[in-house]
Amino acid sequence: MKNTLKQVFRSANFRIGFIIIVLILLLITIYPIFSPGNPLQMIGYDSFIPPGLYVSLYDSLDVPRIYTLRLEGADQIRIYAKLRPTDRELIRDWLLLYSEYNEVFELRKEDINLEDTEALLGLWWTYFDPEIRFENLTIAERRAFARLDTRIDGIFDLYDKYIWTYNPETGEQELVGSVTNLAYINVSDVTNVRLLPLGTDNFGRDMFKQLVSAITTSLAIGLIAGLIATMIGLVLGLLSGYLSGFVDDVIMFFTNLFTVIPGIVLLILISYSIGQEQRGPATVAIVIGLTSWVWTTRSVRAQVLSLRNRDHVNLSKLSGHSLPRIVIKDILPYIASYVVMAFILQVSSAILAEAGLSMLGLGPRTTETATLGLMMNWAMRYTAHLSGAWWAYYPVILVIALISFALNLINTGLDRVFNPQLRD
Amino acid sequence: MSEREICLSGTGVSKVFGFGNRKTVAVDNVDFNFYSGELVSIVGESGSGKTTLIKMLLGLTSVTEGEIQFLGKKRDIRTRSKKKEYWKDIQAIFQDPFSSYNIFSKIDSVLLDCIHMRGGRMLPKAKKIEMMEEACRFVNLKYAEMTNKYPFELSGGQMQRLMIARIFLLRPKILLADEPTSMIDACSRATILDMLLNLRNETGMTIIFITHDMGLAYYISDTVYIMERGKIVEFGSADEVILNPQADYTKRLLSDVPKIHEPWEFSKRNQTPPPQTPVEA
Amino acid sequence: MSKIMLEVNGLTTKYITRYNESVYAVNDVSFQVEEGKSVGIAGESGCGKSTLALSLMGYYFPPLHYTKGDIIIDGRNISGMDPDDVRKNILGTEIAYIPQAAMNALNPTRKVIRFIEDVIWAHDPKISKKDIHDLARERFETLNLPEDTLNKYPVELSGGMKQRTVISISTILSPKVLIADEPSSALDVTSQKMVIKMIHDLMELGYIKSMIFITHELPLLYNVTDDIMVMYAGQIVERGSADQMIFDPIHPYSKGLMGSILVPEDGTRDVKITAIPGTPPNLKKPPDGCRFAERCQYVKSQCRVQNMELAGLGNGRTSRCMMSEEELREAYKNE
Numbered sequence: 081m082k083n084t085l086k087q088v089f090r091s092a093n094f095r096i097g098f099i100i101i102v103l104i105l106l107l108i109t110i111y112p113i114f115s116p117g118n119p120l121q122m123i124g125y126d127s128f129i130p131p132g133l134y135v136s137l138y139d140s141l142d143v144p145r146i147y148t149l150r151l152e153g154a155d156q157i158r159i160y161a162k163l164r165p166t167d168r169e170l171i172r173d174w175l176l177l178y179s180e181y182n183e184v185f186e187l188r189k190e191d192i193n194l195e196d197t198e199a200l201l202g203l204w205w206t207y208f209d210p211e212i213r214f215e216n217l218t219i220a221e222r223r224a225f226a227r228l229d230t231r232i233d234g235i236f237d238l239y240d241k242y243i244w245t246y247n248p249e250t251g252e253q254e255l256v257g258s259v260t261n262l263a264y265i266n267v268s269d270v271t272n273v274r275l276l277p278l279g280t281d282n283f284g285r286d287m288f289k290q291l292v293s294a295i296t297t298s299l300a301i302g303l304i305a306g307l308i309a310t311m312i313g314l315v316l317g318l319l320s321g322y323l324s325g326f327v328d329d330v331i332m333f334f335t336n337l338f339t340v341i342p343g344i345v346l347l348i349l350i351s352y353s354i355g356q357e358q359r360g361p362a363t364v365a366i367v368i369g370l371t372s373w374v375w376t377t378r379s380v381r382a383q384v385l386s387l388r389n390r391d392h393v394n395l396s397k398l399s400g401h402s403l404p405r406i407v408i409k410d411i412l413p414y415i416a417s418y419v420v421m422a423f424i425l426q427v428s429s430a431i432l433a434e435a436g437l438s439m440l441g442l443g444p445r446t447t448e449t450a451t452l453g454l455m456m457n458w459a460m461r462y463t464a465h466l467s468g469a470w471w472a473y474y475p476v477i478l479v480i481a482l483i484s485f486a487l488n489l490i491n492t493g494l495d496r497v498f499n500p501q502l503r504d
Numbered sequence: 075m076s077e078r079e080i081c082l083s084g085t086g087v088s089k090v091f092g093f094g095n096r097k098t099v100a101v102d103n104v105d106f107n108f109y110s111g112e113l114v115s116i117v118g119e120s121g122s123g124k125t126t127l128i129k130m131l132l133g134l135t136s137v138t139e140g141e142i143q144f145l146g147k148k149r150d151i152r153t154r155s156k157k158k159e160y161w162k163d164i165q166a167i168f169q170d171p172f173s174s175y176n177i178f179s180k181i182d183s184v185l186l187d188c189i190h191m192r193g194g195r196m197l198p199k200a201k202k203i204e205m206m207e208e209a210c211r212f213v214n215l216k217y218a219e220m221t222n223k224y225p226f227e228l229s230g231g232q233m234q235r236l237m238i239a240r241i242f243l244l245r246p247k248i249l250l251a252d253e254p255t256s257m258i259d260a261c262s263r264a265t266i267l268d269m270l271l272n273l274r275n276e277t278g279m280t281i282i283f284i285t286h287d288m289g290l291a292y293y294i295s296d297t298v299y300i301m302e303r304g305k306i307v308e309f310g311s312a313d314e315v316i317l318n319p320q321a322d323y324t325k326r327l328l329s330d331v332p333k334i335h336e337p338w339e340f341s342k343r344n345q346t347p348p349p350q351t352p353v354e355a
Numbered sequence: 010m011s012k013i014m015l016e017v018n019g020l021t022t023k024y025i026t027r028y029n030e031s032v033y034a035v036n037d038v039s040f041q042v043e044e045g046k047s048v049g050i051a052g053e054s055g056c057g058k059s060t061l062a063l064s065l066m067g068y069y070f071p072p073l074h075y076t077k078g079d080i081i082i083d084g085r086n087i088s089g090m091d092p093d094d095v096r097k098n099i100l101g102t103e104i105a106y107i108p109q110a111a112m113n114a115l116n117p118t119r120k121v122i123r124f125i126e127d128v129i130w131a132h133d134p135k136i137s138k139k140d141i142h143d144l145a146r147e148r149f150e151t152l153n154l155p156e157d158t159l160n161k162y163p164v165e166l167s168g169g170m171k172q173r174t175v176i177s178i179s180t181i182l183s184p185k186v187l188i189a190d191e192p193s194s195a196l197d198v199t200s201q202k203m204v205i206k207m208i209h210d211l212m213e214l215g216y217i218k219s220m221i222f223i224t225h226e227l228p229l230l231y232n233v234t235d236d237i238m239v240m241y242a243g244q245i246v247e248r249g250s251a252d253q254m255i256f257d258p259i260h261p262y263s264k265g266l267m268g269s270i271l272v273p274e275d276g277t278r279d280v281k282i283t284a285i286p287g288t289p290p291n292l293k294k295p296p297d298g299c300r301f302a303e304r305c306q307y308v309k310s311q312c313r314v315q316n317m318e319l320a321g322l323g324n325g326r327t328s329r330c331m332m333s334e335e336e337l338r339e340a341y342k343n344e
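Protein chains in written order, with this note's numbering: chain A, 81 to 504; chain B, 75 to 355; chain C, 10 to 344.
In isolation and in its complexed conformation, chain A is listed as follows (with noise of 0.2 Å):
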């Protein structure tokens, strides 16, 4: 036993594998801890915020101490933030019109560098006039290269910000306090301050926390629907493979039917005539549990039809055991580690499975609980690719790849060990 573990671990692929599940595992047993509470809760008034460190700007004022920092390069980052990158583009866009127009003026589009802010704004100032009327330029267009300039006019202002209160008792509003452009405040001591790992979703609810939940809830699903498929399978194939007969045409006639329906279009059909009310997480997984379970009878059945003929079943019956007895000792153990890995395999199909039916909206109904699956559908349905918000749909993909993939990695890896004919 021990010795067989040791193999197993001699694996490079089980390795792998087993260390992604076992940091999976963490996190989600983890994370919980630290950040409790429904994960589903709606935190953002807007949909798709992008991952980051948000602070909370109403505390930022009320901070204890104001610090003044006279940081190097402060104005000029301020400046290229401030001349926004669609801004960058129509100042561009003018000084091509402008070398067409003027002919003294030579420039070529490779020649403007967008990120350099100075050259750029030194361009604008010399060649914008409001008064050249280029052809083919809509009033909409003119105005909006008048805009910009405008705008970058009061890129340089760096006059102290003021901030003002309502005062209740006289009705007033009273300046309470001045910013310049100098005034540092420290993080920390901003009461209100949230890591969004992954921002949120369309709901504005956090997606890393609900990424997090909805991975335990696909393994719950993976690992309940794996039990039952295997359960199925392997006291199905059991019957069938030893009693033979009668028994076996049975099992086998049933075993080819489902066989011959494709699995998905049975999950689908089922899932559907549930209805979308009934579906909590636990129906999906019995549901993907009751479909799967074929192939499982299928191998354990052949199997037990080679072992059923080996002697040692063959003395076992002479020494006079019970059918039971023969069937969990002297044919179950042999088979054992076959159906642990026919287990994973299971685990594994049954979350792609999941993830599958949840895309196509047959997944558990939604507002309850997070699964990888539903987080999909949502992504999908709210279009958050039109939207650019790539993490409320990359991270999910990944995770599922990984989890499926560290399950396929496990299995091999125990092949290896207890498939003789692949043991090296």
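Simulated from the structure, these hints should not be mistaken for laboratory data. Source: prediction; values computed, not measured. Misleading hints may appear alongside valid ones.
Subject to a maximum C-alpha distance of 35 Å in a straight line, what follows is the list of computed DSBU-like cross-link-like pairs (lysine-lysine) [unchecked claim]:
#1 B:157 x B:199
#2 B:325 x C:97
#3 C:46 x B:325
Position chains B and C against the provided structure of chain A, taking the given hints into account.
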């Protein structure tokens, strides 16, 4: 001859696998009489149906046609309890010692099962151990070394000897030995054969020995049955069958087996007859 | 004295197990095979006879590793050669190897003639298809194999036919040494006889110059080979002519082995067969001194200390035992 008592016999015994076009007749209308206390060999090549015959005699597969009589009465093993009773009288040793054991249970359980089967479930533990020690001593194994071990920790010869110890504890009336020596080395073969013969001398049990080795069958048995494709083509005392075969099949088989004293068809030794002074005393 | 076809000097090879332990399955083996002669190797399972056969090919793949020693075929030393070189230039032309399950090596989807083409083209790609077919047809005819076998698929052949076909394929290039490792053990006696006849023909017709035949069936070995070597625990313990070895073994181990022969002949029932007690030593840590000492009934205290070499006994025989021939004969007589 008259005092010899028939302990197992069969008339018209057949076994057919499959049906219709895929029908194969493994054992074809076979008659036999095995006498008490005798050592019978059933000799045949692979595919001759000898293992199927053994399985039918053991009651592990059904008999398609014909009747098997046990101790003069029609054999009745239709219920589980009757089968259990039957198996107290008829036991087997199989060909491959490596597949005869459940590799997940310890060796002790094999011997313990035998004691339980003989109604010794209620015996005190010390008595059971004493019985197991005796059985191990009979096959020249040390019980202390066997206990708490798994089958794969033993050599093939030791495993097969333990199978004989099992028979020693069970003391059936009939022992079916299905090529018990074909998977083990020639040097340990003599030990196994000696133990089987001792067992017979001690308990008077009937041994039905299955083999494909003519030399072995001739050496060990009183009576030899030759099987070819499910049929018994010849039977009689070992000397009659081996030294003076009548059936063509037996003759061919005997002429094909390489020999050392008599000439063999494609032998290098044909030109120079061997010295007629064997050293063995 | 005729030409020496195969000479092996101090060949040692080992298996390296998964736990990185070395098992010296062939330990310091030296022998010679002359042209036109066949040598048989006998011994219990696990004594290293099959490993010796593999080692003689000079084509090593893990877990088997070459350690030391020379294999000289017709004056050409092949030990330590590059495996690729061995495969291209040695296997097939110098040495052919037939394992026990050779008949299962044929790809069931290809006709027999394709395997012959493969073998020949692997050594000389320029030979035309017609020449190959002519050669194959001629060879099959002289070996009494039906000619239409060439155009059959392996699945259409019976076990014995398959084995004979494989033997003729692997000897198509007339190798100098044929190594047959239990070529007939999986077959029934009638097919076995045909295989032996074929090997006999190959030798007679000069398609193979010499042969090493490995089997645990002593009566068969007696009828097939000129000389017999007995192996024990990776070493050769005795060598002599077949007659000498079967009827007059000197080494106590050979003596025990020959005492277990059973043949369906008059007189078999009168002699009690003997057994050698105990089991062979563990080759991971072989005992000091004589490796058979543990199981030998004539053992002396010195046997467990002193390492014996193969010593000549005259008459072309060699044996590896502390006791002299006379002492042993005396001991056997007193039994």
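Each hint tested on the structure:
| no. | hint | verdict |
| --- | --- | --- |
| 1 | B:157 x B:199 | 28 Å, holds |
| 2 | B:325 x C:97 | 47 Å, violated |
| 3 | C:46 x B:325 | 32 Å, holds |
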